[in-house]
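Colleague: Chains A, B and C, in that order, are what the protein sequence lines are.
If you're matching positions, the first sequence starts at 1 in the UniProt record's numbering and goes up one per residue.
If you're matching positions, the second sequence starts at 1 in the UniProt record's numbering and goes up one per residue.
If you're matching positions, the third sequence starts at 1 in the UniProt record's numbering and goes up one per residue.
Hints are supplied without guarantee of correctness; some may be wrong.
Pairs involving identical chains hold if they fit within one copy or between any two copies, as the list cannot separate such chains.
[Stated by the list, open to error] Below are the SDA-like pairs computed for lysine to any residue, each with C-alpha atoms no more than 20 angstroms apart in a straight line: (1) K179 to D145; (2) K224 to S132; (3) K224 to G12; (4) K129 to D115; (5) K2 to G12; (6) K224 to N43; (7) K46 to K66; (8) K61 to N26; (9) K4 to T69; (10) K224 to V209; (11) K62 to D44; (12) K62 to S72; (13) K214 to G12; (14) K224 to R210; (15) K214 to N199; (16) K46 to E18; (17) K179 to M166; (18) K61 to E13; (19) K61 to I177.
Simulated from the structure, these hints should not be mistaken for lab results.
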Amino acid sequence: MKAKIGENVLRGEHVVIEDNVVIGNNVTIGHHVVIKEGTFIGNDVKIGDMVVLGKRPSTNKKMARKPQTALSPLIVGEASTIGSGAVLYRGSSLDKGAFVGDLTSIREKVTIGEDSIIGRNVMVENNTKIGSRVTVQTGSYITADMIIEDDVFIGPCCSSSNDKYMGEGNYRHAGPIIKRGAKIGNNATLLPGITIAENAIIGAGAVVVRNVEKNQTVVGNPAKGISKKKES
Amino acid sequence: MKAKIGENVLRGEHVVIEDNVVIGNNVTIGHHVVIKEGTFIGNDVKIGDMVVLGKRPSTNKKMARKPQTALSPLIVGEASTIGSGAVLYRGSSLDKGAFVGDLTSIREKVTIGEDSIIGRNVMVENNTKIGSRVTVQTGSYITADMIIEDDVFIGPCCSSSNDKYMGEGNYRHAGPIIKRGAKIGNNATLLPGITIAENAIIGAGAVVVRNVEKNQTVVGNPAKGISKKKES
Amino acid sequence: MKAKIGENVLRGEHVVIEDNVVIGNNVTIGHHVVIKEGTFIGNDVKIGDMVVLGKRPSTNKKMARKPQTALSPLIVGEASTIGSGAVLYRGSSLDKGAFVGDLTSIREKVTIGEDSIIGRNVMVENNTKIGSRVTVQTGSYITADMIIEDDVFIGPCCSSSNDKYMGEGNYRHAGPIIKRGAKIGNNATLLPGITIAENAIIGAGAVVVRNVEKNQTVVGNPAKGISKKKES
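I would like the entire structure built from these sequences, with the hints used as guidance.
Modeller: Listed below in structure tokens is the structure:
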């Protein structure tokens, strides 16, 4: 099937739209954009220049965890905005009003909730769930198998990991869980499998090696508690 | 008005030049470059492949600070070099001889001084002032509302922040101020609002939580002074 | 000479292939790809969208170390995979089965061994040697003049440096040496000139300021030893 394109779609130059793509009404598409097979784009979406939507994952011999090949199409929810140079994979979805910055890439099987902001140059790995009204600032790295609940704030250049044994094999990986309302300072480091509880605050540059309690503030390397907010 | 293009301009394939663009003499433009409405490009500029020049900022419902919409055109000063895959916004300017690396993005209302080097994969936020002969190495993050004076050296992968309360609202943000000749080691973390004085040295991996004096060297998390150079 | 293109090559739209390029059989080339003068691409290579292959280095007045201009063509070994938005320079080579992620850039005079994985958004500087079966995860920074031996694992967002005096001049630079089988945790910081010996383990967020012994594990800022594995 050829692509199905809505009304009032503004299309830049040298745009490539593959088969089975569905594009809603009032969509703006920048120059040199590539929309790959089957991608669904809602109404009122704005797409920057040189964006790739709906990429399929690839692999090589050394990769222990092979990417899934049966993936549903990428869904770009209505009124979302995609920055220039972004690369979004098949099998993921953005809810209504989400924002994705320039040069950001989101792998397969990621869900991003309503009105969330994924800043510029952010890399999100596969199988990660990001809630609504979340902010992930510029340059942060969101590992695979991670859960980020609603209203979380992640400052710039934060790093996370899901692989305790660093490439030793194909055992179960576990990314951090960041619970509702927690805030992570810039360039913080999160180790695999930890939970950062509701409304906790992680200081800039902290290296978080164990769970952080509700309302707790931690700083340093390794991160230690400095105070606890009253429960609200 | 259609674009005004100087003499001896080498233009790659599939280049898009929007209206009111002005391009000087002896300019080289790579393949798939997009030069957006009104952008001014001086003489002897070299532009890599897949570059976007003059992007307008975008926003979503969740963003507390809305970007300015009345912005003067992007100015790319004479003899500047722009790497492949870079995304530069409207409302900013590069002085003569500036260098911008591949996959780097510079937001609106940024000024970059003469002969400064902004390396590959550097993200510069809006409203930031970068002096002359500054080096910002690969992968560093320059937050909004920051001042970087002349002859500063910022190593690779440094991070800065301007938002003490991490997304709590639309109060005044303040990025770090880095004064003339200071040097920042790789992967250092700078907190909001601090001043790093003239010729100070920040060690690699340091987390700088308070002001650093002239000629002082600091290291660690949190960063502490280890020595002070004689004033020169 | 015009490009020489093998059998069964799938070519996307708006692809630019410059003179003297050689492309093997069964190669897949995405949309908007730029293959620059002289690049050699082996059989069974897969190239994503918006990739630049064979870029020549550029410079400005302020750069102390001028890039070499006499460079052999980029060699993309057979069965390699290149992600979307990647920028690879002339003078480098990928061995058989190597994997390069999206939005990654590799400078000139870099060699990458068989089956190695260079993740998304990784920046590799010039004159660096990466062995076989190495993993460099998303967002890591590999400085110039670095040696990474076989079977090394580098987690996400690691940073390295080769310039002890931070831009003071054109003296000899020395990147870290990471020996066979060592593992580096996420967001670790490596200082110039250090050696990380065989099978050492660097904890997440560690700041490594001196050599690390064989089988040693180090953590913290500055990194200190916490245990030593039995030699195997």
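Colleague: Could you run down the list of hints and mark each one as holding or not?
Modeller: Results of checking the hints against the structure:
no. : hint         : in the structure
1   : K179 to D145 : within (14 angstroms within a copy, 30 angstroms between copies)
2   : K224 to S132 : neither (29 angstroms within a copy, 39 angstroms between copies)
3   : K224 to G12  : neither (51 angstroms within a copy, 52 angstroms between copies)
4   : K129 to D115 : within (14 angstroms within a copy, 30 angstroms between copies)
5   : K2 to G12    : both (19 angstroms within a copy, 17 angstroms between copies)
6   : K224 to N43  : neither (47 angstroms within a copy, 53 angstroms between copies)
7   : K46 to K66   : between (32 angstroms within a copy, 17 angstroms between copies)
8   : K61 to N26   : between (43 angstroms within a copy, 18 angstroms between copies)
9   : K4 to T69    : neither (24 angstroms within a copy, 33 angstroms between copies)
10  : K224 to V209 : both (9 angstroms within a copy, 16 angstroms between copies)
11  : K62 to D44   : between (41 angstroms within a copy, 17 angstroms between copies)
12  : K62 to S72   : neither (26 angstroms within a copy, 28 angstroms between copies)
13  : K214 to G12  : neither (48 angstroms within a copy, 51 angstroms between copies)
14  : K224 to R210 : both (9 angstroms within a copy, 19 angstroms between copies)
15  : K214 to N199 : within (6 angstroms within a copy, 37 angstroms between copies)
16  : K46 to E18   : both (18 angstroms within a copy, 18 angstroms between copies)
17  : K179 to M166 : between (25 angstroms within a copy, 16 angstroms between copies)
18  : K61 to E13   : neither (38 angstroms within a copy, 29 angstroms between copies)
19  : K61 to I177  : neither (30 angstroms within a copy, 25 angstroms between copies)
The structure is inconsistent with the numbered hints 2, 3, 6, 9, 12, 13, 18, 19, although it conforms to all the rest.
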